[in-house]
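With these hints in hand, go ahead and build the complete structure from the sequences.
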Amino acid sequence: MNAVGFAWRSLVRQPARAALGVLGVAAVGALLFDMLLLSRGLVVSMQDLLDRGGWDVRVSAGELPGAGLRVPNALDAAQAIVDLPSVRAALVIRTATAQIDRTAGPPLRASFQGVTTLSSASDGASLRAPWTIMRGRDAERPDEVVVDGAMASEGGLEPGSEVTIRASCVSDLEALPATRLQVVGIAEFPFEATDENTVGGTLDALKSACGGNVGEDADLILVTSTGDANGTAAAISAARPELRAATNSEVVGRLQQTGFSYFRQISSVLTTVTVSFAVLLIAVLLTVSVNQRLGEIAALRALGFSRARVVQDVLAESALIVGTGGLLSLPLGLLLASGLDRILKGMPGIPAALHFFVFEPQALAVHVALLVATAIVAALYPMRIVSSLPIAATLRDEVIG
Amino acid sequence: MGTDRSTQSFGSFGSFVTFGSFSFGSFSFHVFSVRVIALLVLCVVPAVVSAQDAPPPDILVSRHLAESEDLTVGSIVRLGTDAAGTGAREFRVAGIYEPTPDPARLGVVPRAVRLHLPDLLELTRSVDVPAGAEYVADVNVALVNPDEAQAFAQDVNARLPGVRARPSGEAAGSAGPFRVLERFHLAIAIVTIVAATVFLLALTIMLVEERRETVGVLRLIGLPVRRILAQILLEGLLVAGVGAAFGLVLAVASEQLINVFFQWRYDTALVFVRVTKDVALTCVTIAVPLGASATVVASWALLRRSGLRLARR
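Chains A and B are the protein sequences, given in the same order.
Under the working numbering, read the first sequence as residues 1 to 401, first letter to last.
Under the working numbering, read the second sequence as residues 1001 to 1313, first letter to last.
Please keep in mind that the hints were generated in silico from the structure rather than gathered at the bench.
It cannot be assumed that every hint is accurate.
[Claimed, not checked] Derived coverage of chain B by chain A (criterion: at least 3 residues anywhere in the stretch with Cβ under 8 Å from a Cβ of chain A; other residues may be distant): (1) 1144-1158; (2) 1188-1194.
[What the hints assert, rightly or not] With beta-carbon atoms standing in for the labels, derived distance ranges: (3) B:Val-1275 to A:Ser-306: 49 to 57 Å; (4) B:Glu-1255 to A:Thr-132: 45 to 53 Å; (5) A:Arg-13 to B:Trp-1300: 37 to 45 Å; (6) A:Gln-79 to B:Gln-1150: 47 to 55 Å.
Every value quoted in this text rests on a predicted model; they were computed, and no experiment measured them.
The C-beta atom is built at its ideal place from N, Cα and C for all residues, glycine as well.
See below:
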């Protein structure tokens, strides 16, 4: 019988102890797996969100897009950007706060995104706004808008409905007359927070909602390059030094240094704590188990089992506990990750489509490597006990005892 | 002489000023702060250049900005609203302050200056905006009777269209992320406790099994199950109590270590870990009964067997 088979019988002989050991590893392993998913989850998810629209360079007035500063003379800036040879199209986004009147109940507060596309390429103009139409069609005329699903259900809106909007483009203190716009579609806005409502339309629709009082500024200009995003960002920065052009990867990099830092740190700390916890507990379990079976092990040695063989048995036992627990930890970890993700997405201002825990093969590989290391390190001390066991003395003690 | 040592934009700068007391309807209050945020460009100039007739207005600079730009009390700097230095004015650094730690901006070095509100408005006002027509982002109001906050907010909202007043409790939206993080930490703590409990049960089962013969002998000499169980419970309580105390000592010892590391890592005065009485009490309240219960549960199966069977080798 090989070492694994022997270790298996040893575990099966004491099912309660073995089951609890495996369950403990599964719980700790699930937490470890989640921390590994968390360590890069936000980065992967944010990169995916940024890449989803097909816009690979973001131009803003501040260090981070959407940080509050506006691009002055945005249409002129966008035209200058579009004139660059490496640019296929540019999308100017202007955001305003808006109130949507309802027949019953208080008005809904929403963010109104007005967009316009500029392109020198023939296919560039076909690039659309950074939202996905779920029902109906996209807003094309100045009197048309699309709304998000939550607002549609809350306000009883469907494609074809009319809404009364009061938008404030320059200051929240503006008291503007109401404008009636037609809802032509229900859309999904990728960066919309869970507690937020969003209306989308053309820049002309936003101007119409704001009574023409929009100004020349924009919050963001999205750019699609002809292929080389880094080169395009550099070209934009050279052409308009007062603006900050960043590729999607650079935006994620900046976020990593600021907003995502906390989760990376807590993930590192908890990964370390979890692995140490697992090593300590499995080492204690194996040590106590080995100490209880010293007589049995000494008898096996006396029967001809080599020192290496009994060491292998202990290692195999550790591997079986950690391996089985580790396998169980994967579904358990994914389940736990979805619960923890729901908790963290309760943070105000977090886009609904952003996830804190994202599965990556790399995370799984690290998880497996850490569990293998745990099984080996945890077995070191009990392996030392069995390897240095004095056969005759142990058997004599057992008989006398 | 007279050349700028550096020119760089530093993000959001705030301004705070005290106004005095007012009455509004039946409420008495005083405005204690007004907030305007603007992106300014700072240029450091030698003091001799600014030694003009009128002394430049005073500003405060954050410790981080002072360190990065070698600013000291008395330094003369020029602040402008764009990189070209259009309309830049000279200011004197009157003091260096430690910014209030903001967990929401962890990792962001707070390079900021504080100006008197009139100075900031003067600096940032557009040419087409007449003096006195500027607007501020927030006005914080301290009421003589804080219990009237809700009524006061309603009164302001009714009388001043376009202004939104909220009691501080409702306006504290920034606390939202930390409530979520608290729930997240709680969830992780629960998973950790579950894992620890499972391991604890496995260990106690093994330890109890080790004492099988002793328990068998105690049963054979006439000790009732309840008496042995009480002894095991007491032992469990003692071990769990010592374990909890050791855990607390470890937590208190590592508290300072963790804070020092993260404060160094993020260059902040923020306190990351604080072992409070409530936290310690919660830990002990969970750990001690859990440890004692695990011992009793693990022993229960053993004690159901007969003394003879337990004592038999």
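Tested hints:
1. 1144-1158: violated (count 0)
2. 1188-1194: holds (count 4)
3. B:Val-1275 to A:Ser-306: 49 to 57 Å: holds (50 Å)
4. B:Glu-1255 to A:Thr-132: 45 to 53 Å: Given about 47 Å between the Cβ atoms, the range holds.
5. A:Arg-13 to B:Trp-1300: 37 to 45 Å: For Arg-13 of chain A and Trp-1300 of chain B the Cβ distance comes to about 21 Å; the hint is violated.
6. A:Gln-79 to B:Gln-1150: 47 to 55 Å: Given about 51 Å between the Cβ atoms, the range holds.
The earlier numbered hints that this structure contradicts are 1 and 5.
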